[in-house]
Amino acid sequence: MTDKGYKVVFHLGTNDEQVWKSLIKQIGNVQKEVPAIIVEVITHGLGVELLFSNSRFSNVLEEMANRGILFSACRNTLNERGVSSSSDLISVARIIPSALAHLIFRQSEGWSYIKVGI
Amino acid sequence: MTDKGYKVVFHLGTNDEQVWKSLIKQIGNVQKEVPAIIVEVITHGLGVELLFSNSRFSNVLEEMANRGILFSACRNTLNERGVSSSSDLISVARIIPSALAHLIFRQSEGWSYIKVGI
Amino acid sequence: MTDKGYKVVFHLGTNDEQVWKSLIKQIGNVQKEVPAIIVEVITHGLGVELLFSNSRFSNVLEEMANRGILFSACRNTLNERGVSSSSDLISVARIIPSALAHLIFRQSEGWSYIKVGI
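As they're listed, the protein sequences go chains A, B and C. Following UniProt numbering, the numbering of the first sequence begins with 1 at its first residue and continues without gaps. Following UniProt numbering, the numbering of the second sequence begins with 1 at its first residue and continues without gaps. Following UniProt numbering, the numbering of the third sequence begins with 1 at its first residue and continues without gaps.
Note that these hints are calculated values from the structure, not bench results. Because the structure is a prediction, the values reported are computed rather than measured. Take the hints with a grain of salt, since some may be wrong.
Which copy is meant is left open, because identical chains are indistinguishable; a pair holds if it fits in one copy or across any two.
To be verified - Listed next, the in silico SDA-like pairs over lysine to any residue satisfying Cα-Cα at most 25 Å (straight line):
| id | residue 1 | residue 2 |
| --- | --- | --- |
| 1 | Lys21 | Ile118 |
| 2 | Lys25 | Glu49 |
| 3 | Lys25 | Ser84 |
| 4 | Lys32 | Asn59 |
| 5 | Lys21 | Ser87 |
| 6 | Lys32 | Val83 |
| 7 | Lys7 | Asp88 |
Sequences are here, hints too, so could you generate the full structure?
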């Protein structure tokens, strides 16, 4: 790390709502501990459903995004699922070309990695 | 890595005993391969149960701790579960404020990361 | 990273065929995004079954190996399962002494880490 700031990617591949709830709470805990941390949640596979506009977590996710959390959805996954419009996602979601490539880029830039799930 | 020594954090979030057994065996294998390695098992969520004083693995964990393995439990999780006293944990367990923050700090310091579980 | 090139280890511990299929597709996606990337799939536990010579994915794996993907199986696991001969594995599989030690070495050398599975 040449970088003073902490940065972390959370790798989310599941649509298990218990895991989603736990992730939301954990991000809050991490921000309490490390207020300046930069956090990105990178979703692919079933995990992209967290960012669907009809998700029942959409309000809390938008509030988290306002506090600086980044939420990214894998375009490869969206294409496979026929989700072609960003209006199918919560407004704060970013679309990235490949979740796995993105996870690799981030780690190469010194971000820490956390695999979400039990 | 400016550091010659290998260091690794194991991220444990499950109370699946098969996974625990496998983790214990794997740590032994890693130590055989890399005798000087520094190993920390970081538990949160259901994973903290590995370190409960009534765990049936308490003897082997204490023996591993005597060989230098670190075992850490997340205070956020313990608080949520109403585990307020360190006497509820095996004697060698350390309490850390936040498992996820700790995983991030360690990786930033050059430790490798292994997510435990299948 | 002093290294210009991207390198990644995929940590596979499951014999869930859906996960295997997803991994194969994901590696293809990553290679499309980052053509020069170096990819190693490191298997242990039930994950070594991906590399068994009777795997129904053996053809696609051999084709991937010809494109440069590395496939490694943990000798500790193979010994426990009584798989003593490399002829029980697909021809392109490499046997490594310890999957976990290997994951640690790779990360220490700057490789990114992805835990496979949901």
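Hints versus structure:
Taking the shortest alpha-carbon separations for Lys21 and Ile118, both the intra-copy value of 12 Å and the inter-copy value of 16 Å come in at or below 25 Å. For a Cα distance limit of 25 Å, the shortest separation of Lys25 from Glu49 qualifies both inside one copy, at 18 Å, and across copies, at 19 Å. When the C-alpha separation of Lys25 and Ser84 is checked against a cutoff of 25 Å, the pair qualifies only between copies, where the shortest distance is 20 Å, while the shortest distance within a copy is 30 Å. When the C-alpha separation of Lys32 and Asn59 is checked against a cutoff of 25 Å, the pair qualifies only within one copy, where the shortest distance is 20 Å, while the shortest distance between copies is 35 Å.
Within a single copy, Lys21 and Ser87 get their C-alpha atoms as close as 23 Å, which meets the 25 Å cut-off; across copies the closest is 29 Å, which misses it. For a Cα distance limit of 25 Å, the shortest separation of Lys32 from Val83 across copies, 21 Å, qualifies, whereas the shortest one inside one copy, 35 Å, does not. When the C-alpha separation of Lys7 and Asp88 is checked against a cutoff of 25 Å, the pair qualifies neither within a copy, at 28 Å, nor between copies, at 33 Å.
In this structure, only the earlier hint numbered 7 is contradicted, and the remaining ones agree with it.
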